[in-house]
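**Q** These are the residues of each chain, in order.
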Amino acid sequence: MAKVMGLTGKVMGLNGNAAVAYAMKQINPDVIAAYPITPQTDCVERFAEYVSEGLVNTQFVTVESEHSAMSACIGAAAAGGRVMTATAANGLALMWEMLYIASSMRLPIVMMVTNRALSGNINIHCDHSDTMGARDAGWIQLFSENAQEAYDNIIQAVKIAEDLEVRLPVMVTQDGFIISHAVEQVKVLDDDLVQEFVGAYKPAYPLLDVTHPVTYGPLDLFDYYFEHKRSQIEAIDNCFPVIRRVGEEFGKISGRKYDLLETYKLEDAEYVVVALGSTCGTAKEAVNLLREKGKKVGLLKIRCFRPFPKEEIIKALVPRRGVAVLDRSVSFGGFGGPVFTEIRSALCDAPARPFIIDFFYGLGGRDIYVEDIEKALLQIEDVVQKGQVDQYIGYLGLRE
Amino acid sequence: MTKPLEIRWHGRGGQGVVTASRILAEALLREGKYFQAFPEYGPERMGAPVKAYNRVSSTPINIHSGVTNPEIVVVVDPTLFGAVNVLEGLGNDGIIVANFPEPPAKLRELLGFTTGTVVTVDASSISREILGRVVVNTPMLGTLCRVFQEVRIDTVLEAVRSQFGEKLRPEVIEKNLTCLKRAHEEAQVG
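If you read the sequences in order, they're chains A and B. Quick note: the first sequence, position 385, residue 385 per the working numbering, numbers continuous. Quick note: the second sequence, position 104, residue 104 per the working numbering, numbers continuous.
Careful: at least some of the hints might be erroneous.
Pair ranges (Cβ atoms, derived) [said to hold, decoys possible]:
| hint | chain 1 | residue 1 | chain 2 | residue 2 | range |
| --- | --- | --- | --- | --- | --- |
| 1 | A | Phe-332 | B | Thr-68 | 29 to 39 angstroms |
| 2 | A | Ile-122 | B | Arg-169 | 14 to 24 angstroms |
| 3 | A | Gln-385 | B | Glu-102 | 36 to 46 angstroms |
| 4 | B | Ala-48 | A | Gly-294 | 26 to 36 angstroms |
| 5 | B | Thr-115 | A | Lys-310 | 51 to 61 angstroms |
| 6 | A | Arg-245 | B | Asp-154 | 40 to 50 angstroms |
| 7 | A | Lys-310 | B | Gly-32 | 38 to 48 angstroms |
| 8 | B | Arg-128 | A | Gly-54 | 50 to 60 angstroms |
| 9 | A | Arg-353 | B | Asn-92 | 47 to 57 angstroms |
| 10 | B | Asn-69 | A | Gly-217 | 29 to 39 angstroms |
Hints are computed from structural coordinates only; laboratory data are not their basis. No experiment lies behind these values; they were computed from the predicted model shown. Glycine included, each C-beta is placed from N, C-alpha and C at the ideal position.
Given the sequences, and given the hints that come with them, work out the whole structure.
**A** As structure tokens, this is what we get:
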């Protein structure tokens, strides 16, 4: 299967789940506690095979639910282990209270989330409701466009999470089925190089260091809880330099450099589509087709959604005339989806801000085509030419 | 930008069309092409109609939406012709590659497809004879190679060996390879 190519490593045909499982094998964490859930199952199954074949030294903890999976991860990480897990959809929802505990304890747990819609009705396909539901939980969130990025992001996530300036859990997402079950080229690094990149883990305040006793998660009432939350707010806000530095360092070993955002044909663009995840690939084709027709359009892809890179987003979007945001999840009763709300808020004080409209799309795995994204871009062009927004929130690919 | 070549596989749950699309992906990897292989997941039931897809290109593939207008449609089960519209989205110059016991002209008549290319092979009989049971995905990969120029048949044979290497006994793999080659030879293009 192997073929040597590029800076290092080899090219494999892997789906997103397999690419992440392969990265996890190369990282060889101390503990993985996980519960299978579609469409993540394939990832955890593959990792379990690596464990049974003796290819990793990981302690694999099989649990009876995702709540227990995250609880076990928290215990193992507090004890001083390098810890990873993976989940999706309702599994992530079941972890909800433990997500906050992981981030409050500043535990560098890395979790892959294969994005899937939340029930009901029961649906196993992709949308971003699961991770957007966890956006306020204090985790760093990195979105992946394809299997390659899922692989690359998982490796970087370990280094970001464990950096002493960060010490926070990181969630790496990939779109369920669209990426998790699609086999594509993935350039994998050599095992040694991955090990060298993530380095040996030096836990900061391990519970098992009995000569330096510490307490995790004690009672913290009106006396100091607020101050501790403030330090957590500052901790996640201060992560940007580390995420960027790790993205640059990863570029040096792989030839694939990462930043908080990715721009595509944005330099002279008047109309921009903003998206996350696999839709960004399809959006690139939509941009190409409209460029061929002479339209000045571009794409802004948000890789890092938490912390929200507002300065970079302002810089990328303020010179534009119109912005069409694509939201693959709903904030019921809110003013638009989560991405739209954040972007409008970030641009609120900009001196000459562009018109901004939102589109809900792709809920429950509804496909999004190149033509849908072209339509969104043409609609924002129309808004700009009319000089007014008639409808802030629209839909793509919805039957009326 | 060139549109990737797109292939749609039709089969029934359990007939291995997802595996076939993955074997083709591995062969394309070996040929240095860019590719995607992905299934259409719905309720997973043995015997129910299922689809899988491939995209193929000499440049990186960004698009991640479903395939709506394939250039090639592969039908691994002849009982599907009455059950699903295999022509959906296929252009006039499209190619149909089918497990069908009669010559292409008969299939054209059945489908009302007068243009493009039709390839037929009796893959069920070939595999029944060689393997002792009906396994249609490997012979249909061989049949596809008659009209699909992006990959050499030898590379597909290697990919089958590699994909089945850990799952099947060597003699069963060899029989699968024989099926693939026989179907490639016996396929009729018309």
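**Q** So does A:Arg-245 sit 40 to 50 angstroms from B:Asp-154, Cβ to Cβ?
**A** holds (47 angstroms)
**Q** Within 47 to 57 angstroms or not, the Cβ separation of A:Arg-353 and B:Asn-92?
**A** Given a distance of about 49 angstroms, which is inside 47 to 57 angstroms, the answer is holds.
**Q** For the range 26 to 36 angstroms, tell me whether the beta carbons of B:Ala-48 and A:Gly-294 fit it or not.
**A** Check failed, 46 angstroms falls outside 26 to 36 angstroms.
**Q** Do the Cβ positions of A:Ile-122 and B:Arg-169 conform to the proposed distance bound of 14 to 24 angstroms?
**A** violated (39 angstroms)
**Q** How does the Cβ-Cβ distance of B:Arg-128 and A:Gly-54 compare with 50 to 60 angstroms: does it lie in that range?
**A** Once the Cβ atoms are compared, 41 angstroms apart, the range 50 to 60 angstroms for A:Gly-54 and B:Arg-128 is violated.
**Q** Taking the beta carbons of B:Asn-69 and A:Gly-217, is their distance inside 29 to 39 angstroms?
**A** violated (56 angstroms)
**Q** Given the hint of 36 to 46 angstroms, check if A:Gln-385 and B:Glu-102 actually sit that far apart at their C-beta atoms.
**A** violated (58 angstroms)
**Q** Can you tell me whether the CB distance of A:Lys-310 to B:Gly-32 sits inside 38 to 48 angstroms?
**A** Given about 42 angstroms between the Cβ atoms, the range holds.
**Q** A range of 51 to 61 angstroms was offered for this pair. Does it hold for the Cβ distance of B:Thr-115 and A:Lys-310?
**A** holds (55 angstroms)
**Q** Please check whether A:Phe-332 and B:Thr-68 have a Cβ separation lying inside 29 to 39 angstroms.
**A** Given a distance of about 31 angstroms, which is inside 29 to 39 angstroms, the answer is holds.
Hint compliance for this structure: hints 2, 3, 4, 8 and 10 are broken, all remaining hints hold.
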